[in-house]
Amino acid sequence: TMFSLGLVLNVSELRSELLSPGRVALGVLSQFSVMPLLVWLVAQYPGFSPAIAIGFIIVGCAPGAMASNVIVFLAGGAVAFSVTLTTVATLLSPLLTPLLVKVLGGAILPIEFWPLTMTILKTVLLPLILGLFIQKYLGKHLQLARNLAPGVAALAIIIICSYAVAANQARIAQMVLPVMLGVVVVNLLGYLAGWYLAKLYGFAHLYRITLMIEIGMQNAGMGVALALQHFPAESALPGALFAVWCILTGATASGWLRRRMSKACSDQATPA
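Under the working numbering, the final residue of the sequence shown carries the number 273; numbering is consecutive throughout.
For the record, the hints were derived by calculation from the structure and aren't laboratory data. A quick note: this is a predicted structure, and the numbers were derived from the prediction, not measured. Yeah, the Cβ is synthetic: ideal placement off N, Cα and C, and Gly gets one too. Take these hints with a grain of salt, some might be off.
[Said to hold, decoys possible] DEER-style ranges, computed between Cβ atoms:
no.	residue 1	residue 2	range
1	L178	F134	36 to 46 angstroms
2	L42	K137	13 to 23 angstroms
3	H142	P179	39 to 49 angstroms
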């Protein structure tokens with residue numbers, strides 16, 4: 002998915018958004034604080050095994066999903082701001098994601114910082130840089146690549162999550178209901194927190210929509226990859242379920258927001 006982000010990333014739009022560093026900093030700070038806190042609270046549920054609890058913490062500490070950029074576009078939000086937040090969060094994730102997982106989950110299971118960091122560098126940062134590099138040589142085929150990239154990213158997430166579900170096939174029936182409930186709570190509270198924080202920051206409406214989606218959606222693909230490589234297989238289940246659920250809620254919310262915005266514009270255009 003990060004390779005696809007590298008292909009679609011418009012560097013000039015990124016530079017333009019970075020001219021408002023305060024707004025970007027508030028957005029990224031919110032991404033790396035709200036969801037980690039929410040998943041830590043959910044992970045305290047006594048019915049969760051240590052592996053499931055760690056799975057939630059990993060997902061909450063992995064912002065920057067490319068899917069969020071697509072959902073922001075469909076919702077009529079600030080796409081350039083969304084891509085900027087995703088890019089900056091991705092660049093910071095090799096340091097901040099392992100650090101947050103270690104701080105929040107170290108009392109649950111042993112966490113090794115450097116192995117997590119190396120996995121993120123290999124599976125997230127390196128593909129992003131490779132995508133940016135290849136983008137320079139696509140020439141007239143660049144637009145085609147950008148059109149195909151979201152679909153490729155979605156396919157990659159489906160494959161990763163399917164593997165995570167298959168790895169938990171033996172225990173999935175007894176785990177899925179409480180884990181799914183935790184996923185729903187974290188996702189919806191993330192959306193609410195994003196909206197009201199953006200309002201508190203004084204963001205314009207389009208930027209409120211964007212921050213709401215960016216906080217509510219996570220890089221679940223990265224979370225699943227980290228869980229499968231460094232922890233028991235069941236720790237990947239929260240990420241797999243979160244990936245599916247947040248796309249469903251994001252798509253539903255984007256449709257509702259787009260219709261609401263269209264209605265507001267129509268009402269303004271209609272003479273009294």
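* **Hints violated by the structure (numbers, ascending)** => 2
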